[in-house]
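If you read the protein sequences in the order shown, they are chains L and Y. FYI, in this note's numbering the residues of the first sequence are 6 to 210. FYI, in this note's numbering the residues of the second sequence are 2 to 279.
All the given hints hold, so there is nothing to weed out.
Listed next, with one range per pair, are the computed distances between beta-carbon atoms:
| # | chain 1 | residue 1 | chain 2 | residue 2 | range |
| --- | --- | --- | --- | --- | --- |
| 1 | Y | Q207 | L | T141 | 48 to 54 Å |
| 2 | L | F194 | Y | E266 | 50 to 56 Å |
| 3 | L | E180 | Y | D139 | 30 to 36 Å |
Computed, partial: chain Y to chain L, Cβ under 7 Å:
| # | residue |
| --- | --- |
| 4 | S44 |
| 5 | P47 |
| 6 | F51 |
| 7 | Q84 |
| 8 | Q85 |
| 9 | S86 |
| 10 | P92 |
| 11 | T96 |
| 12 | D180 |
Far from chain L, by Cβ distances over 10 Å, these chain Y residues were calculated:
| # | residue |
| --- | --- |
| 13 | A113 |
| 14 | P209 |
| 15 | N220 |
| 16 | V250 |
| 17 | P275 |
Source of the hints: derived by calculation from the structure; they are not laboratory data. Even glycine gets a Cβ: it sits at the ideal position worked out from N, Cα and C.
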Amino acid sequence: MNLLDGLGDTILISVSSVVLGTILGVFVGLAMTYGQRWLRFIVRLYIDFLRGTPVFVLILACFYVLSVVGVDLTAFQAGVLALTLFCSSHVGEIVRGALSAIAVGQTEAAKSIGLTFMQTFVYVLLPQALRQILPTWVNTATEIVKASTLLSIIGVVELLLATQQVIARTYLSLEFYLFAGFVYFLLNFVIEQAGRAVERRISIP
Amino acid sequence: MTFIKTLAVATVMTAAAGSAMAQEASKLQEVLDRGYLVLGTGSTNPPWHFMDSDNTLKGFDVDMGRLVAKALFGDPDKIQYVQQSGDARIPNLVTDKVDLSCQFMTVTAERAQQIEFTIPYYREGVGLLLMANGDYADYDALKAAGDDVTVAVLQNVYAEEMVHAALPEAEVDQYDSVDLMYQALNSGRAEAAATDQSALRWFMVQNPGRYEDAGYAWNPQSYSCGVKPGDQRWLNFVNTVLHEGMTGVEFPFYAESFKTWFGEELAVPKIGFPVEYK
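In isolation and in its complexed conformation, chain L is listed as follows (with noise of 0.2 Å):
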């Protein structure tokens, strides 16, 4: 049961964290791609800030120093948060390097067809961009899983942490890291999979 919990909340927070990272990153990849030059480089040095800072770093200023400067987060919303950030510079670099790899030739006929911005967007770049997007986004996927581990840190009790619970009470630590090894390999062939199988169907033939 206590396993089971610590499984749910790996799964929600590393859920959770790469889509709410994803929606962020996207904005970022646009704004590094189509923005002003005052953006563009605002958005730099958050990509730049958040890539070159270890998660671990991250986690613990996401729960202490917001709560000195008043924001009182709990250690589950923190790290969540910390996650959050750290995919979202991930996915919006992943989007740059793919939007900036299509031919400025289509957004141009695009313009030229009379299509908005958004349309231009979705109709013509994503679906493109998509392709090239989606391997590498698997990939910061399963690394947000793995970062999920950190949270155990600031009392957030994920599966490391419960799996800590249990050998504290049974001293049987090679058997549950074992397990917990296994169920996190699980967890990542899962998404691993998931990913090929999206790739597939959107590949063109």
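Assemble the complex: chain L is given as a structure, and chain Y must be docked to it using the hints.
Below, chain Y alone, put in the same frame as chain L:
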């Protein structure tokens, strides 16, 4: 002259108002108004604080928090637990994430510069665990055996030095985890296991009749709860609760907890002249 007088009166009044405000702002009132205590403790170290199979936190640290909750609300269960790692004990106090931390915290001068310690509620030390039917009966026998004795210990920079403080000639084998250390003792690879007195007692409680305490403990350390510095009212309150747990009306609560986790029946504090001044 009148000006100075006015200034003095104003100063006194400001100071009085200030201290009145400080009293109102005490954590004690805040906790009472809230209706439950926010206790910081761990969840992976029995018998101090651990998640039991029924999904509740238990242990001696947890019981100290329950003692404080009982004193506050007449109900030891009015607690919201914040599960924290050892490294989080001080930051969580300083940033007000918890009202009180009881998490086998060794009192050190360095820590006392950052937080305030309550009075100690346990004195930890290192002890030697033996097999009940082993070759060596007690500490003296181990010491007399010199380098024939192998001591299993949890891996640590100071492990060797620590064991040699009690058994200068003994061989020291270091292990990665507690279960491996006990396994070494069970399988006869080691004649004794050196570990915290509390862990040793707890292991004996769980396996009655199987092990013995060699009867010698060293490396004393005081364990205290901690509070955020600067709130004397709250600190005094927690101190009073712990003190009366160990010597006064709440002694049965403290003694029962002690018996549960360390397997030892405590003697009732002597009636008459207060024990603390002996």
